[in-house]
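All chains, please: the whole structure from these sequences, using the hints.
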Amino acid sequence: MKAERKKRMIQLAAWTWSWVATLAIATFGPMFIWEDNKTLTILAVVVNLINGVLMILANRKLFNHYDELERKIHLESMGLTLGLSVIVGLTYSILDQKNLIQSDAEIGLLVGFIGITYLVTLLINRKRYS
Amino acid sequence: MKNRVCDLRKQKGLTQEQLGELIGVSRQTINAIEKEKFDPSLPTAFKMSKLFQLPIEDFFIFEDFS
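Chains A and B, in that order, give the protein sequences.
Each residue of the first sequence is one higher than the one before, starting from 1 at the first, in my numbering.
Each residue of the second sequence is one higher than the one before, starting from 1 at the first, in my numbering.
Calculated from the structure, these hints are not laboratory results.
The model shown is predicted, which means the values in this text are computed figures rather than measured ones.
C-beta atoms are modelled at their ideal positions from N, C-alpha and C, and glycine is treated no differently.
Warning: the hint list may mix true and false statements.
Claimed, not checked - Here are the computed lysine-lysine pairs in the BS3-like style, where the Cα-Cα straight-line distance is at most 30 Å:
#1 B/Lys2 / B/Lys47
#2 A/Lys72 / B/Lys12
#3 A/Lys72 / B/Lys47
#4 A/Lys6 / B/Lys35
#5 A/Lys61 / B/Lys37
Unchecked claim - Stretches of chain B that chain A covers, calculated by requiring three or more beta carbons in the stretch to come under 8 Å of a beta carbon on chain A:
#6 18–25
#7 28–36
#8 40–47
Encoded structure:
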């Protein structure tokens, strides 16, 4: 059971790292590597998209290996993260639209918020059931 | 839900880790069940019942407060 869990975690980590790498290539490649060649840019974006889908499938494979308590903990954390992200994301967007913040609203900040919220809610939920 | 899982596990001479392995859940899940912080699913309860050779209602005590 533990060996299988480890295997699935390593697979997810590998797909996540390669997704980050292909995202970086698709973002910075047109500027620094292939000088705005449209075909190569489209290819990089498509490779990143496919990699992202495979990362999600690896995540689902790991999730299916969790037991009932682990699933409950993760689902509660995901629910809280989704709710908070919608609320905070829309507030952030309104603040930007009404020029109440100095910089433009960046999607990257929302992604960072989602990651931190998921991590924090996961730790809180794990503590609740320990 | 109150339960006697901890007592029965100790009677069988099993650790939380070993009981978890036998019924296919993690040690943390066994710990949460024993501390009555988490109620297991029906399949897990049936696996415990088979292992302890007792009916489910002998070690899970349902209290209806409604």
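**Message:** Need the list of violated hint numbers for this structure, in ascending order.
**Reply:** none
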